[in-house]
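Each chain, written out:
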Amino acid sequence: MLDAALCAPSCTLAACFAGDRATVRQLQCTKADAMRLRSLGVYEGAKVGIVDRRNGVLLDVCGSRLALDATMAGAIVVDPTPA
Amino acid sequence: MTRPTLRVALIGNPNCGKSTLFNALTGRRQKVANFPGVTVERVEGSYVHEGTTVSVLDLPGTYSLSPDAPDEVITYDVVHDRADGVAPVDVFVVVLDAENLERNLYLATEVLELGRPTVVVLNRVDRLPLAGMKVDVVELIHALGAIVVPTVATTQEGVERVRHCIARALDVPQSQLRNQGAVAEEYRAERRYEWIAAVMARTVTREAGTRTRPSDRVDAVLLHRVWGPLIFVAVMAIAFQALFLVATPLATVLQSALGSLSDVLRGLLPAGDFQSLLIDGVLGGVGSVVVFVPQIALLFLFIGALEDSGYLSRAAFVMDRFMRPLGLQGKSFIPLLSGYACAVPAIMATRTIPQTKERLATIMVVPLMSCSARLPVYALLISAFVPAVTIGHVITLQGLALLAMYLFGTVAALAAAAVFRRTLLRSDTRALIIEMPAYAKPTMRVLLTTVWQRVSVFLQRAGTVIFAISVILWAMGRYPQAGTPSAPVSEEAQLTQSALGQVGHAVEPLVRPLGLDWKIGVAMVASFAAREVFVSTMATMYGVPQHETVHTELAARLRDARAPGTGRPTYTRAAAFGLLAFYVFALMCTSTIAVTVRETGGGWQGARWASLQFSYMLVLAWGSAFVVYRIALALGAG
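So the sequences go chain by chain: A and B. Going by the working numbering, the first sequence opens with residue 1, and the numbers climb by one from there. Going by the working numbering, the second sequence opens with residue 84, and the numbers climb by one from there.
Here chain A stands alone, though its shape is the one from the complex:
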């Protein structure tokens, strides 16, 4: 059986669900924001968890919690791993 993660197409963080885990594929934002995201642990290849997504997105990154507004969540392309 194919792993669900291998089947899931790339989408943005805004399309993920609470409880999902995802691998960051691309940062489609300004250079300054991308730099900030990377220093906070959201870099290309990073594995993040979606803790909550009712009001923007709350991420589990390297064990710490990072909140992004909806626009920023829509600018981060990920490969999701459904819960």
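The set of hints was computed from the structure by calculation and includes no laboratory data. There's no promise every hint is true.
No more than 20 Å apart at the CA atoms, straight line, and that leaves these computed lysine to aspartate or glutamate pairs for DMTMM-like [said to hold, decoys possible]:
id : chain 1 : residue 1 : chain 2 : residue 2
1  : B       : K217      : B       : E240
2  : A       : K47       : A       : D20
3  : A       : K31       : B       : D511
4  : A       : K47       : B       : E290
5  : B       : K440      : B       : D511
6  : B       : K524      : B       : E240
7  : A       : K47       : A       : D60
8  : B       : K217      : B       : E185
9  : B       : K524      : B       : D209
10 : A       : K47       : B       : E518
11 : A       : K47       : B       : E273
12 : B       : K524      : B       : D299
13 : A       : K31       : A       : E44
14 : B       : K217      : B       : E290
15 : A       : K31       : B       : E273
16 : A       : K47       : B       : D299
17 : A       : K47       : A       : D79
18 : A       : K47       : B       : E277
19 : A       : K47       : B       : E185
One side only, chain A facing chain B, incomplete, derived with CB under 8 Å [stated by the list, open to error]:
id : residue
20 : L37
21 : L40
22 : V51
23 : L66
For glycine and all other residues, C-beta sits at the position ideal for the given N, C-alpha and C.
Go by the hints and put chain B onto chain A.
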């Protein structure tokens, strides 16, 4: 013999306990200033260890050495020995939050790669068991090639060892970490984190199933789309209620203490210019500064407690979607709300906004929020000219009028912010990327130190400007003297003949279109220093003694005042409404002006921003007063 000073800089992520360690290292020997040319706070302290004076610089919190916000640029410049007015650093102390080690190691590797003497402090190790983590410190020392000291800065645990390691840092070999970042930016981060992941695998063991934090359940409520904003507004409402309940009596105590001191001086010194200068000029000037201190201290205690508990980040996130259409961030909301209490600490609270233009826009509009000093003016004019009619057995017309004043101010502040952000302070509103630190109990010692730093900065900087202006206004009200020592004149006559009175007459053409006369002109000019002076000046003009019932008596006098000759009311209801509109929008507070100068860069740069703030608010105030007066006249309120 004392050896040369050792210069140390503390560097670390925001919320890693860096300032707590700074306080633990330096105790009370601290001073706060700004880095030259920018509004980033420079906090320095010192201690003596084995005969060597160690000077410690607490750098602003940063996530990396890639400069982005102004405070991160400062950290970058200090690290590379090119910050203006900062001597080269001998030893760097990188503070890591043990609970968030993986993310914190990103900055640590950047600093270690510089090959400079560095001590790594692994702070908050007491929280590791709760997070289900264990860190092998010896293995971490091998991996980083640097000294690593575990600490709990809040309880001083390990702090003496940090002092010892700082003293030895120049004598031990430097870390051999090199070139983790010698590739393109996106690969640099990936490569660095790969290296960090390998270090984490060697040094950290986690219990299974500990990735979900207990605070996630709290966040589900506090960050909720509906409950989040409601809880935030409730928290702020309780805080302001407490602020009024506690700060007002303290301010009254301070005022009466100054009053007693005035009485003592009056008894000791003979009546005359010198006595008046000391009592009305110096004590009056100092008093106008001191009465703000309880509000400033309490507001910063409260904001500090919110910040240290981890809630401030949540509040900024929750309010962000409401502020974004105006071109501001969620972080602007707290200074704006604080403006209801007092614009001075509110402007100082804008320091939490990292983007310069968003911060400037917030500073420019904060004084439009109706502060507590406007209340005496509102109360006087409303009680004099708005009928005390109860509407539907619930609220009085006077109460509604007061509410309208606050609403006008708030709407004007939000609209002005939107205008500034679309014109002079135009820039893209940065996306919100904000760390939610774990909830923690604030440390009272750290909180009180921060409050003291803020209060002393206010007293030193703003106090000098306010003091000077108060003395100038005193002199303008005192000279030229109308009477002689043998034939003194009344206070009203003196004020009329004085330079201040002449200015009042000179501005009459400006206030006449608003339906006002020269007496109001004098009170308006006098209250440019502090708007609450309007009431006491009007009381002097109408010969009402300054006691508890001054408001009631003065309101009656204003209502009954008749123009000589015609017998018609001097002040119509329409003119009073216009005057209320004037006081809603005018910036009549030297403390606010002084703080704006300081917080927008100081010197000429700060003076330019403060002039713009004062001017646009004055134009807005006069224009609104004119429009309100004309509309009220048209509606028959003449």
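Results of checking the hints against the structure:
no.	hint	in the structure
1	B:K217 x B:E240	holds (18 Å)
2	A:K47 x A:D20	holds (11 Å)
3	A:K31 x B:D511	holds (13 Å)
4	A:K47 x B:E290	holds (19 Å)
5	B:K440 x B:D511	holds (10 Å)
6	B:K524 x B:E240	holds (17 Å)
7	A:K47 x A:D60	holds (9 Å)
8	B:K217 x B:E185	holds (13 Å)
9	B:K524 x B:D209	holds (14 Å)
10	A:K47 x B:E518	holds (17 Å)
11	A:K47 x B:E273	holds (11 Å)
12	B:K524 x B:D299	holds (17 Å)
13	A:K31 x A:E44	holds (14 Å)
14	B:K217 x B:E290	holds (9 Å)
15	A:K31 x B:E273	holds (16 Å)
16	A:K47 x B:D299	holds (19 Å)
17	A:K47 x A:D79	holds (9 Å)
18	A:K47 x B:E277	holds (12 Å)
19	A:K47 x B:E185	holds (13 Å)
20	L37	holds (6 Å)
21	L40	holds (6 Å)
22	V51	holds (6 Å)
23	L66	holds (6 Å)
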